[in-house]
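So the chains spell out like this:
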Amino acid sequence: MSFLELTNVTKQFGRLSAIEDINLSVNQGEVLGIVGPNGSGKSTLINVMTSYYRPTSGSIYFKGRKISGLRPDKIAALGIARTFQSNILFEGATVLESVMVSAYLQYKTNNLQSFLRTKAYRDEYEKIVGKVLDLLKMLELFNDTFLPASGLSHGYQRMLGIAIALASGPKVLLLDEPTTGMNHEEAMFVVENIRKINETGVTVILIEHNMKVLLDLATRVAVLNFGIKIAEGKPKEVMNKREVIEAYLGTETI
Amino acid sequence: MMIKYIDWKVTIPRIVAAVPIAILVFIPVFSTSRDTLSIIILSGVWVIAAMGFAMILRTGQFSMGQAAFMAIGGYASAILTVKMGWSFWPSFFMAGVISGIIALIIGSVVLRVGNIYFSIITLSFGEIVRILAQNLEGITHGARGLIPPSPEPIVLGSFEINFDASVVPYYYFMILLVAITSLVFWQINRSRLGGTFFSLAANQILAEHQGIYLMKYRVIAFTVAGIFTGFAGAFYAHFLEIITPYMLGLWESIQIMIMSIVGGVSSLVAGPLVGAVLLKVLSVYLSRLPVYGIHALLFGGAVVLVLVFLPKGTGLIDLWKKFWRKVFNEPEWYEIPSIDE
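Residue numbers (my numbering), protein chains in the order written: chain Z, 285 to 538; chain H, 11 to 351.
Wrong hints could be hidden among the right ones.
Using 20 Å as the maximum straight-line C-alpha spacing, the simulated SDA-like pairs for lysine to any residue come out as follows [unchecked claim]: (1) Z:Lys-411 with Z:Gly-453; (2) Z:Lys-411 with Z:Ser-434; (3) Z:Lys-496 with Z:Lys-518; (4) Z:Lys-496 with Z:Pro-321; (5) H:Lys-226 with H:Ile-50; (6) H:Lys-226 with H:Arg-200; (7) Z:Lys-358 with H:Ile-112; (8) H:Lys-332 with Z:Gly-453; (9) Z:Lys-421 with Z:Leu-380; (10) H:Lys-19 with Z:Ser-434; (11) Z:Lys-358 with H:Arg-122; (12) H:Lys-19 with H:Lys-332; (13) H:Lys-226 with H:Lys-322; (14) Z:Lys-358 with H:Met-225; (15) H:Lys-226 with Z:Asn-395; (16) H:Lys-226 with Z:Lys-496; (17) Z:Lys-411 with H:Ser-201; (18) H:Lys-322 with Z:Pro-321; (19) Z:Lys-358 with H:Tyr-223.
Derived list of chain Z stretches under chain H, where covered just means 3 residues or more per stretch with a C-beta under 8 Å from a C-beta of chain H [stated by the list, open to error]: (20) 286-295; (21) 364-375.
It is worth saying that the hints were derived from the structure and are not from the lab. The beta-carbon is built from N, C-alpha and C at its ideal position, and this holds for glycine as well.
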């Protein structure tokens with residue numbers, strides 16, 4: 285069994301199947317791109333994988349363990365982190381506070397130790413502050429550390445979303461359109477960082493509309509259309525398949 | 011080696027805030043008037059309850075039944091002393107424990123629902139507690155209520171603290187109780203728990219996807235609030251030497267809520283403290299005017315003013331922060347740590 289595996293996953297809203305009978309396996313350390321036209325079920329797929337929704341049928345396995353049906357926090361604790369399609373932030377928090385709160389899973393000390401401020405907790409806290417600041421430096425958010433997160437520009441809020449997801453120290457990172465609304469340079473900056481993150485051993489699943497980003501990053505691509513997986517394989521090959529071009533790219537070729 | 015330096019932007023506001031607190035502590039030295047001291051003692055009870063409300067609100071839940079936990083604490087201690095013949099100190103302690111256990115049980119069921127539904131359920135819970143107190147004649151004496159005794163004197167060698175002779179021992183007992191509660195809440199707020207509570211209210215979905223188990227932290231907040239509110243209720247019953255079903259109902263729950271909000275729930279300790287003391291002291295003096303229901307008008311007016319002019323969970327305590335920001339000429343977004351940070 286592979287690292288992360290979806291078997292016959294279906295999610296229905298009423299009688300509409302957002303995704304239907306999806307079989308997908310993700311290998312450790314790869315960057316898997318998921319593409320498809322609007323409404324093809326890409327985000328639903330991520331939402332089902334992180335238990336934002338429960339699948340109507342089918343199951344998801346992570347490292348051989350069934351994770352479909354678990355609570356979102358349990359899934360996060362197993363090492364699967366995600367970003368959201370829109371800029372979801374902690375209201376009223378600064379950049380540093382948002383990421384510190386999100387580093388919840390990195391603590392080994394318990395709540396009582398943190399309440400009593402034992403030495404173990406304070407040491408750990410300092411270590412985590414250091415890690416969080418490194419993360420902010422990497423994602424170029426360091427200058428905004430003490431600014432309210434809601435005051436950041438769109439591009440930086442996207443980066444903050446990635447920082448929040450990374451703060452939990454995940455093994456798998458699910459990115460839901462990380463480059464929406466970004467110009468080319470910003471998008472390339474994101475690409476560079478996703479590559480860096482991937483090189484540290486994090487498996488990345490990437491939903492993306494920007495073909496340049498996708499072809500740069502993905503080692504493998506799965507294509508969805510109307511909730512059904514229509515193709516899977518190497519990016520260049522998949523993009524040249526007839527059904528993909530018809531479904532996703534119209535009649536034009538890349 | 012760490013170089014310690016004094017950050018005046020933090021220290022000066024703290025020193026200024028310490029002055030009224032010091033005055034409060036030393037009031038009995040200047041005046042032992044039963045009247046004045048009683049008002050402050052009673053506002054202490056509401057300070058603790060308001061802090062509990064603020065803590066629950068921190069996790070994003072709006073509890074409308076906090077007075078019920080005061081009633082549970084009060085009745086627990088009263089029943090233990092009157093019916094079971096326990097002495098005050100163990101039964102006072104048990105009041106907090108019982109209230110905490112009930113909060114834990116109720117919380118782990120009721121906290122599953124959010125927003126307005128939680129408010130409705132806690133509101134009904136408050137009414138259930140009142141009706142039970144009214145109808146369990148055998149245990150609670152129904153509408154006549156129970157008459158819990160005052161605490162036994164504490165004898166320390168030749169020195170005796172007698173709770174019957176004057177209200178001064180009550181006064182210091184209350185100060186101690188408020189101090190312990192503040193300390194616990196302050197410590198919770200600055201530990202990891204504080205950030206976790208905050209994240210649940212700030213964005214529940216995002217927090218859950220970061221691995222925070224919603225129910226666990228909501229139940230912790232609700233239970234801690236329940237424990238201390240229970241202590242406050244037990245103190246209230248023993249100080250007034252009566253507890254009836256009508257003393258702690260919906261109106262009292264609403265008062266607790268208003269005190270918290272007027273003081274400002276942006277801070278867990280200072281806000282509710284300021285709000286409760288200010289509103290309770292004012293309402294006592296106002297209710298002596300020959301105008302019926304004027305203290306209710308005070309609560310209503312205060313909450314409307316605060317909601318209009320200090321929205322988004324800020325309250326009077328944020329005026330204080332704003333003032334010091336002006337003094338030090340800091341930009342708006344720079345948070346001067348409040349007294350409880």
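Now the hints, each set against the structure:
1. Note on Lys-411 of chain Z and Gly-453 of chain Z: the hinted pairing holds, with a Cα-Cα distance of about 13 Å set against a maximum of 20 Å.
2. Taken as a hint, the Lys-411 of chain Z and Ser-434 of chain Z pair is broken in the structure, with Cα atoms around 26 Å apart against an allowance of 20 Å.
3. This hinted pair checks out: Lys-496 of chain Z and Lys-518 of chain Z have alpha carbons roughly 15 Å apart, not beyond 20 Å.
4. Straight-line distance between C-alpha atoms of Lys-496 of chain Z and Pro-321 of chain Z comes to about 16 Å, which keeps the hinted pair within the 20 Å bound.
5. Restraint check for Lys-226 of chain H and Ile-50 of chain H: not satisfied, since their Cα atoms lie roughly 35 Å apart, outside the 20 Å limit.
6. Between Lys-226 of chain H and Arg-200 of chain H the CA atoms are separated by roughly 18 Å; this keeps the pair inside 20 Å, and the hint holds.
7. Taking the CA atoms of Lys-358 of chain Z and Ile-112 of chain H, the gap is near 27 Å; set against the 20 Å cutoff, the hint is violated.
8. Between Lys-332 of chain H and Gly-453 of chain Z the alpha-carbon distance is near 37 Å, which puts this suggested pair outside the 20 Å criterion.
9. For the hint linking Lys-421 of chain Z to Leu-380 of chain Z, the alpha-carbon distance of about 11 Å falls within 20 Å, and the restraint holds.
10. Simply put, Lys-19 of chain H and Ser-434 of chain Z have alpha-carbon atoms about 25 Å apart, too far for the 20 Å limit, and the pair is violated.
11. Taken as a hint, the Lys-358 of chain Z and Arg-122 of chain H pair is honoured in the structure, with Cα atoms around 17 Å apart against an allowance of 20 Å.
12. Note on Lys-19 of chain H and Lys-332 of chain H: the hinted pairing holds, with a Cα-Cα distance of about 12 Å set against a maximum of 20 Å.
13. Distance hint between Lys-226 of chain H and Lys-322 of chain H is unfulfilled; the C-alpha atoms sit about 25 Å from each other, more than 20 Å.
14. A C-alpha spacing of about 13 Å is found between Lys-358 of chain Z and Met-225 of chain H, which places the hinted pair at or below 20 Å, so the restraint holds.
15. A distance of roughly 11 Å separates the Cα atoms of Lys-226 of chain H and Asn-395 of chain Z; the hinted pair therefore holds under the 20 Å criterion.
16. Between Lys-226 of chain H and Lys-496 of chain Z the alpha-carbon distance is near 43 Å, which puts this suggested pair outside the 20 Å criterion.
17. This hinted pair checks out: Lys-411 of chain Z and Ser-201 of chain H have alpha carbons roughly 15 Å apart, not beyond 20 Å.
18. The straight-line distance between the Cα atoms of Lys-322 of chain H and Pro-321 of chain Z is roughly 39 Å, outside the 20 Å bound, and the hint therefore fails.
19. At roughly 8 Å between alpha-carbon atoms, Lys-358 of chain Z and Tyr-223 of chain H fall within 20 Å of each other, so this suggested pair holds.
20. Residues of the region 286-295 of chain Z lying with their CB closer than 8 Å to a CB of chain H number 0, which falls below the three-residue condition for coverage.
21. Coverage of the region 364-375 of chain Z by chain H holds in this model, with 7 residues showing a Cβ closer than 8 Å to a Cβ of that chain against a need of three.
Violated hints, listed in ascending order, are 2, 5, 7, 8, 10, 13, 16, 18, 20; each of the other numbered hints is respected by the structure.
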